[in-house]
Amino acid sequence: MKRFNGFVIKEFYHIFRDYRTLLILFGMPAVQMMLFGYVLTNEIKDAKIAIYDPSGDVVTRKISDKILSSGYFILERNLNSVDEIDPVFRQGNVKLAVIYEPGFAQKLEKRGKARIQLIGDASDPNTANMLVNYASGIISNYLISMNSEKVPIQIIPEVRMMYNGELKGVYMFVPGLMAMLLMLISALMTSLSITKEKELGTMELLLVSPMEPYQIIIGKVFPYVFLAFLDACIILLLGHLVFGMPIMGSIFLLLLESFLYICMALSLGILISNITNSQQVAMMISLVVLMLPTILLSGFIFPVENMPLIMQVLCHIMPPKYYITIIKSIMLQGNGIEYVWRETLILIGFTAVFLALSIKKFNVRLT
Amino acid sequence: MSLSNENIITVKNLVKKFGTFVANDHLTFEVKKGEIFGFLGANGAGKTTAIKILCGLSYPTSGELSVAGFDIYTQREKVKKNIGYMSQRFSLYDDLTVFENIRFYGGIYGLRKKEIDSRSHDLMQRLGFESARNKLIRDIPLGWKQKLAFSVAILHNPKIVFLDEPTGGVDPITRRQFWDMIFEAAHGGITVFVTTHYMDEAEYCDRVSIMVDGRIAALDTPDNLKRQFSAPSMNEVFIKLART
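Protein chains in written order, with the numbering used here: chain W, 1 to 367; chain V, 1001 to 1244.
Please note: incorrect hints may appear among the correct ones.
[Said to hold, decoys possible] Mimicking DSSO-like on lysine-lysine, the simulated pairs with C-alpha atoms at most 30 Å apart in a straight line are: (1) K2/W / K1226/V; (2) K2/W / K1113/V; (3) K1012/V / K196/W; (4) K198/W / K1081/V; (5) K196/W / K1081/V; (6) K198/W / K1226/V; (7) K198/W / K1240/V.
Rather than coming from a laboratory, the hints here were simulated on the basis of the structure.
Remember, predicted model here, so these are calculated numbers, not experimental data.
Work out the full structure: start from the sequences and follow the hints.
Below, the structure written as C-alpha cells:
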C-alpha cells in the first residue's frame, strides 16, 4: 500500500508540473462549456428582421407588434420599397424580411384573404427555416385569436414540449459535453501517460521492480479517475449555475453513473496504451477513433434516429451514446436506476470487455 | 579479487525465439557471486534479449534459469527483489527532482522512509550531488544522470545488478569514472552483469562471454581469451570471433 501511495504521488507530480496537462484537464472543460453554451447555440434570440409595410393599417401593425414582441426578433429596418429587400440581405445583418401586400386590412375584410411574404436568408438554411417557422407560427396565432368568434369549428393544436419546455440547447449539450470531455480526459490522458513511460524506458524499470503489472497500471490510472471525476463535477456545476441545466433526479446516481463511465473510458485508455508504444499514436487513436465518433455518433449533436441503418448500428457500439441517454434521463426526466439499468449494464459490459482485452494484451507483451 | 565458487546465475539451454528467428540459441553459462561478468556482442547478437529474460521482462521459449538462487519461472517475485536493472537510456523521470527520483525508486522496492533518507544522503555525498538534490533531472548533465541511474539501480542493495549498455553516449572520462563506480559496487559484494560493445571495457571484467548470432562463441577471463586467440587486445579477439 505504501508503494502504491508513492506511485500515486509521483503521478500527481507529473500532472501538476506539466502545464499542458493541467490546461487540458481544467482549462478545456471550462472553455468548451463557454463555447458550446454561448456560441454553438441553435436557439433563436434577437434575430434581425426588416419589414416592408406599404399598407400600414391596424392589422399589419398588430402583426408586426406581435412578431417583434415575441423576443425572437428585433427590427433592424423599415423598408420603403420592394427594391430594398435584396440590398438589405446582402449587407448581412437581416435574416428575415416580412412583406405585407398593399391594402392588407382592406383585402382581408373584403375577400377574407391577404398575403404576407416571409423571405429568409437561406445562406444558413437551418436558421432560415427556424425563423420562418417561428414567424408563421406567430402570424397564425394572431389570425386564430382574431377569428375565434367567427369560425364555427376550429382545431387548435396545443403543443407542449416535455422535459425541455423552452427547447433550450443547453439541455442537449451539457450531457454531450460531459460524455465527450470525460472520454477525452480519461482515455487520452491515461494512454498518453502510460505510453510516455514506455517511450522514456521507465516502464522497463517498473516492470523489473517487485511491483506487479496490475499495480503499475492502477497506480497510473488512479489519479485520472480522481481528476476526471472532478471535471465531471465542474461541468455539472457550470451547466447548473451558469446555464440553468436542471438536475431532476438523484445527484448520487448521476455521479455514480459518471464514475462508471470514467472507468469505462480509462480502461479504453489502458487498452490503447497496450496497442501502441508511442505517445503520438496513442494521441491519434484517442482523437480520431474516440473523439469524432463521440461527437458524431452518440446523438450528441445529430439525432441517431435520422441516420442510415448502418450508421445506427455503429452508434449502438459507441459507449458515449449510453452514457448520454443515462444522464439525460436522470437530469431532465428525474428517472431512477429502474429506467436506466439496461444502459448501466451495457456500460459495465464495455468496461469489462476493455479491461479483459487489456489484460490479455499485457500478457502477450510480456512473453 | 577472490571469487567464490558459488554460482549466482545459472543458465542452461536458454532458447528464445521470435517466430522463426532465434535470438538466443541454447545459451549455457554461470555467473559467480561477486564477479563482474561482461556480456559482449555486436548489435543484434542477442544480448538485450538475454538480459531481459534474466530480469523477468520477457519469458524464455525454453531453458532452465536461476537468478540469485531463485527459479525465474516459479519464484519471479523473489528474483525481482534481489536484482537491480539499469537500461541504456538511464531511465529517470525528467520532471522529478533528483531526490524525488531516489525516493520513488526506493519506495517501489519497499524501502522505509528512514532508509531512503539515509541512503539518499550517503549517495549524494558520495557523488557530490548535494547541490543538485532539488534540481529536476532534465536540468542535470548526462554524466550525472548516468551515475544517478546506476546508484538508484543498487539503492535497495540487490545481489545482482544488470547493466544494459550503461556507458552508451558518454565521453571516455565519464566512462572511466563510471567503471570506478562499478568496481566499488562489486567490491561491496554486488554481482555485476554488464553488456557492452566497447571492447576496452571488456578488459575491466572478471570474465566475459562473447555472443555471435545468438550463440555464446567464447567465455573466459579476458587474459585467457587473448591467449587462446593469440590476440593483443579484446578488440582483436572480438574481430577474430566475428569473422569465423
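Structure-based check of all given hints:
| no. | hint | result |
| --- | --- | --- |
| 1 | K2/W / K1226/V | 51 Å, violated |
| 2 | K2/W / K1113/V | 10 Å, holds |
| 3 | K1012/V / K196/W | 36 Å, violated |
| 4 | K198/W / K1081/V | 22 Å, holds |
| 5 | K196/W / K1081/V | 25 Å, holds |
| 6 | K198/W / K1226/V | 40 Å, violated |
| 7 | K198/W / K1240/V | 37 Å, violated |
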